[in-house]
Amino acid sequence: MSAATTHGNTPYYFVPGPSRHPAMAAFGLFWVILGAGQWINGHGWGAWSLLFGLLWWAFTLKQWFGDAIRESEGGLYSDRIDASFRWSMGWFIFSEVMFFAAFFGALFWSRGYSIPTLGSLDNALLWPDFNGLWPSNAPGSTASPAGTVEAFAIMGPWPIPTINTALLLTSGVTLTIAHHALIAGHRARTIAFMWATVLLGIVFLGFQGYEYHHAYEDLNLKLNSGIYGSTFFMLTGFHGFHVFVGMLMLLFITLRLMKGHFTPDRHFGFEGAAWYWHFVDVVWLGLYVIVYWL
Amino acid sequence: MSAVLDHPTGHVHDHHDDHHAPTGWRRWVFATNHKDIGTLYLLFSFTMLMVGGILALCIRAELFRPGLQFFNPELFNQFTTMHGLIMVFGAIMPAFVGFANWMIPLQIGASDMAFARMNNFSFWLMIPAALMLVGSFFMPGGAPAAGWTLYAPLTLQMGPSMDAGIFAMHILGASSIMGSINIIVTILNMRAPGMTLMKMPMFAWTWLITAYLLIAVMPVLAGAITMTLTDRHFGTSFFTPAGGGDPVMYQHIFWFFGHPEVYIMILPAFGIISQIVPAFARKRLFGYASMVYATASIAILSFIVWAHHMFATGMPVTGQLFFMYATMLIAVPTGVKIFNWLATMWRGSMTFETPMLWAIGFIFVFTMGGFTGLICAVAPVDIQIQDTYYVVAHFHYVLVAGSLYALFAGVYYWGPKWTGVMYSETRGKIHFWGSLIFFNITFFPMHFLGLAGMPRRYADYPMQFADFNALASIGAFGFGFMQVYFFLFVVIPMMRGQGAKAPQKPWEAAEGLEWEVPSPAPFHTFENPPKLDVTATKVIG
Amino acid sequence: MVGLTGLSALASQAAWAVNDLKGGPAVNQINLQTPVTKIAQEQMWLHNMMLVLCLVIFIAVFGVMFYSIFKHRKSKGAVSANFHESVKVEIAWTIVPFIIVILMALPATKVVVAMKDTTNADITIKATGYQWKWGYDYVKGEGAGIGFVSTLDASHRAMSDSGNPGEVDDYLLKVDNPLVVPVGRKIRIITTADDVIHAWSVPSFGVKQDAIPGFVRDTWFKAEQTGDFYGQCAELCGKEHAYMPIHVKVLEPKAYSAWVADEQKKIAAKADDPNKEWKLDELIARGEKVYTANCAVCHRPDGKGAGPIKPLDGSAIVLSDKHSDQLEVLLRGRNAMPAWTQLSDTELAAVATFTKNSWSNKTGQVVQPAEVVAERAK
Ligand code: HEA
Ligand code: HEA
Ligand code: CUA
Ligand SMILES: [Cu+2]
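Protein chains in written order, with my numbering: chain A, 132 to 425; chain B, 1078 to 1618; chain C, 1160 to 1537.
If you're looking for bench data, these hints aren't it; they were derived computationally from the structure.
Treat the numbers as computed from the prediction; the structure is a model and nothing was measured.
Incorrect hints may appear among the rest.
Computed, partial: chain B to chain A, Cβ under 7 angstroms [as the list claims (entries may be wrong)]: (1) Pro1099; (2) Phe1107; (3) Arg1194; (4) Leu1233; (5) Pro1237; (6) Phe1244; (7) Ile1261; (8) Asn1266; (9) Ser1314; (10) Pro1318; (11) Gly1320; (12) Glu1430.
Label pairs and their computed distance ranges (CB to CB) [to be verified]: (13) A:Arg217 - C:Ile1189: 25 to 35 angstroms; (14) B:Asp1610 - C:Phe1217: 34 to 44 angstroms; (15) B:Trp1102 - C:Asp1320: 41 to 51 angstroms; (16) A:Gly278 - B:Pro1393: 24 to 34 angstroms; (17) A:Leu182 - C:Pro1433: 24 to 34 angstroms; (18) C:Phe1225 - B:Lys1506: 12 to 22 angstroms; (19) A:Arg217 - B:Asp1610: 22 to 32 angstroms; (20) A:Gly278 - C:Ala1427: 54 to 64 angstroms; (21) A:Leu416 - B:Phe1558: 37 to 47 angstroms; (22) C:Phe1217 - B:Phe1558: 23 to 33 angstroms.
Note that beta-carbon positions come from the ideal geometry of N, C-alpha and C, so glycine has one too.
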């Protein structure tokens, strides 16, 4: 394919013509939220609606991105559009940071305020037997104020989370190597290291899946293990979901690289995915320290 | 869509007839044009204003006299909740996004929004969400009835419609975030050469700052309701003390979103007013730079005041004091804005067409709402009035007489540019005076009710409150009637193109690039960046 | 149509003859309720101060604006001046409001500190919010050990439903068992809740405190007058939110002591021997009282329930001849149904028997207090 550089017939700022994708994508999401809402309330058909909506939506996105990629490779995107993509990816990641902030906030609030308060002298009026400590299965503590939470063991940093940390850090390195290779024009090397990165992401997810299995089966640590279980699974699960999405992004970028997309000096699609991956990486470091160590 | 790809060279010319304006339903459903999408947003929000308004009238009908005449208390709570949600997320926010879509590219000399397809996606996302919200009335157990603030643990008792509501809010949040990113990028990256940030029209400035507020807090709301969802269905105990959680934690997270949210609904209004006042005072906006700084200060302060909604939850003394002081500080930058508008009028040469009337009405009545806000901010006083009609009065003064008035002002001001026809001045004035009078009849007595202790979200109330409630209900129906009048006699004729043809610049002293293009604004404008004069308000080539 | 109903209602509106409610709202009252505590007085003062200051600023600001609007209009030949900046004025109108705001905050600070000082209380009472009633337990001080539930008068609730309430001065504010406290003593109220958040508030005391499930919060008041004082639940708590008032009776210390003595006698009398064997009709009679006082708000007097509230009439659990089915729900709660452990064994046995033999339920079963004792021990 032709190199996506700015040349004679690139418009100042390309504005796409009418497109059916947005409305179609919204149509898909209608079935997603309708289905999800019904499914969790015990209506089996909700699952089908959800599945249909998701497939519809994914299919639409594929077409949509296909259009965008064709426009990009067709040389319609000027440098200014490139800059737009940069701004937008940056602020999108910022909004994701705020999403995580809500869940980290919940963790800080529980550890710093609600657990100590529930176990305080004043609250002994309501929960006389509760000894509020963190983690809530620490020696001498009672897993939950009402005593409704079954005993569980907490997830330590060793070994899986640490291995996962190493995996993610390594993936950051392989990704950077791939980037340098792309800039230097070594396409084969780029692709190889991209595959390595994707693979590291998949292995990470595999380990996390195993970790959850271990938590449920061996530690009796579950979503309903009181506030500890809630925050643990919400934070790590939401992060895992982001790893999954980031991994998909990298995968598609890799496939595009194999098709010959991107040039040494214009490859924001690559960089955007890389930014996202690094963001996911940094969040993990926060999790690793705060959730597993502290 | 792919027509573009077939002959990509078509775009280098700036002939307007290059790609034909699409017609029929495809023009709207497949829209990528910022003006069409703006129109869609505005129509959507007006529809939601009607729906929310009818719910408000149901509330007022029930409260007309003591005793339950029309609805049972359960349904009443659903009305209150859905009225709040629909007005906030369905009427006011999308209306401002509609204005942003229409005006920002025109004002900064850009060809369109930065991401035209994503722009349409932001719009269409609201349709499933709105269907879900309105549809929740027909789900078993009825619509959510936990107040628009959706406090846990009451939300944990709600029926399946609560989940529909939560997913709808997720989708709306995604729509807002995409919309904001679009606006930020458009403003930062697509200004015509010479349009420096500090020459940009105030409306664009206020939206830039609002967009930042949105991307910072919408995800936080999403987080809060996600936890509600998992508490409801997946056994987590974020808000359940029995498992070590805390219902008040929900409130902290919600209001961390909620307070900036109320400024999201007022900052663009400030922007609109800042455009209109100079145009009709025939004098440049006083203190442009300080307007920008004041807007930014309000936005920054809005992140550290959230717990003023929670004075009655029982915070430590230091918490109450901190949040009281921080909240009261917001009066300072807001005052700066009021004073700047005043100074703009001062020794101007004013005329009072409808947009100016609404703008002055805005300043006058919004300030009353600001003052009652300040009174709420005084923690000991708030202990008396929190969760009473005083708060209801406060926020309708800032939301209806604030946000909604500014929206009306904007419709009259820019409507000729959108539709190409002038509205009827007489009708505009009837709409204004009627609304102003009925608005005050509706909401002024609520201050008294609140001070006297009438709690909000009540389907029935002690006898002593009867008269003021009756008065408020009468006012509400009058106010609603004025909006029907507006729709039938102002909006419809303008949409049909009935009325005097609008000149390119209907307002003698209006400034800005939007007045440099014909009325109605052609389908494509500024496809190549215009050359601007030094003030960045005129196109010179 | 709406207009017609509106008009006819308006006509009846004017005919309403209600009086001011002492200790509650007055007819068409426009300011805070008459304070009967220091704190409420200070709040009133703060509010009036804020109101006056804001009014003065408002008049000043809009005086200027309307002057300008009348003088500087084009129709009067005004020509617009050319200034659009002045660092001096802008600094002035930043600093001056800043100072005003600080001046407003200073007296408020004092009151916040006083408000939050709940130490050294003479009497401590726990107020628990239930959907939809208040439970009071005297925890410390004179009267410790007394406990009861306070519910809106059923006739008021019925009036509300009828859509045409009578002209009673304490409409929606009358309860069966008011909270009783002595005058001039510092009363600490500990709030908590059983199900969702409620708020315990009495305007004339200047008190409003959310009652949060699982947590305790506190507030205090020292009434300076005897009399009856009223408030209402001030946090949305579900459908009957408007129907869980608060009524505080403030008595002279002597009268209070007499009340306490009386209550304690009643407690002693109530402490029925849980081993006593009761007859069916005795239990039904007793149970009806318990039902009306505690259960009827939600399950309705006809036992049909409403919305998420389960009907008892025809309920399998109620009809079951395995008594522990029902007792378990009574004692441990289920979903929206709170646990009723605060009722005595005899009361629980009575109410269970009552429900098993009322409306269309005709089981003839008798639940004895001893069975409740056994279930409690499980
Ligand atoms: C557009 C929306 C909007 C805006 C702009 C505001 C503006 C303000 N609000 Fe309001 N507020 C709401 C929407 C808004 N609010 C809503 C929706 C709720 C209820 C939510 C719910 O519970 O459902 C609420 C509730 C609310 C509360 C909680 C009340 C309670 O529940 O008990 C408080 C308390 O502090 C408060 C304070 C303020 C303050 C101090 C301002 C300030 O920004 C106002 C500043 C303006 C001025 C002060 C006037 C102009 C200034 C001058 C002329 C300068 C000179 C003045 C002085 C020196 C005093 N608001
Ligand atoms: C965001 C903006 C917004 C707007 C514009 C409004 C507009 C109005 N609001 Fe709203 N209101 C809120 C936001 C808003 N409100 C919020 C956030 C709450 C809190 C909710 C909560 O507690 O959780 C609230 C709560 C609230 C209450 C308190 C309810 C309670 O506590 O139980 C009341 C009571 O009077 C009320 C009244 C009104 C009225 C009369 C209007 C009027 O201005 C409406 C005027 C508009 C119309 C009336 C539409 C016109 C159309 C018609 C009239 C069509 C008629 C059709 C035919 C004739 C066929 N509102
Ligand atoms: Cu209890 Cu409202
Ligand atoms: Cu606020």
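Evaluation of the provided hints:
1. Pro1099: Holds - the Cβ of B:Pro1099 comes within 7 angstroms of chain A, reaching about 5 angstroms at its closest.
2. Phe1107: 4 angstroms, holds
3. Arg1194: 5 angstroms, holds
4. Leu1233: The hint is violated - B:Leu1233 has no Cβ within 7 angstroms of chain A, the shortest such distance being about 13 angstroms.
5. Pro1237: 4 angstroms, holds
6. Phe1244: 4 angstroms, holds
7. Ile1261: Holds, about 6 angstroms.
8. Asn1266: This hint holds: B:Asn1266 lies near chain A, its Cβ roughly 5 angstroms from the closest one there, short of 7 angstroms.
9. Ser1314: Given a least distance of 6 angstroms, the restraint on B:Ser1314 holds.
10. Pro1318: Where the cut-off is 7 angstroms and the nearest Cβ of chain A is about 6 angstroms from B:Pro1318, the hint holds.
11. Gly1320: Given a least distance of 4 angstroms, the restraint on B:Gly1320 holds.
12. Glu1430: With a minimum Cβ separation of about 34 angstroms from chain A (threshold 7 angstroms), the hint on B:Glu1430 is violated.
13. A:Arg217 - C:Ile1189: 25 to 35 angstroms: Between A:Arg217 and C:Ile1189, where Cβ atoms are some 58 angstroms apart, the hint is violated.
14. B:Asp1610 - C:Phe1217: 34 to 44 angstroms: 40 angstroms, holds
15. B:Trp1102 - C:Asp1320: 41 to 51 angstroms: Holds - the Cβ-Cβ distance for B:Trp1102 and C:Asp1320, about 49 angstroms, lies within 41 to 51 angstroms.
16. A:Gly278 - B:Pro1393: 24 to 34 angstroms: 28 angstroms, holds
17. A:Leu182 - C:Pro1433: 24 to 34 angstroms: For A:Leu182 and C:Pro1433 the Cβ distance comes to about 57 angstroms; the hint is violated.
18. C:Phe1225 - B:Lys1506: 12 to 22 angstroms: 18 angstroms Cβ-Cβ, so the 12 to 22 angstroms window holds.
19. A:Arg217 - B:Asp1610: 22 to 32 angstroms: 30 angstroms, holds
20. A:Gly278 - C:Ala1427: 54 to 64 angstroms: 33 angstroms, violated
21. A:Leu416 - B:Phe1558: 37 to 47 angstroms: 60 angstroms Cβ-Cβ, so the 37 to 47 angstroms window is violated.
22. C:Phe1217 - B:Phe1558: 23 to 33 angstroms: 29 angstroms, holds
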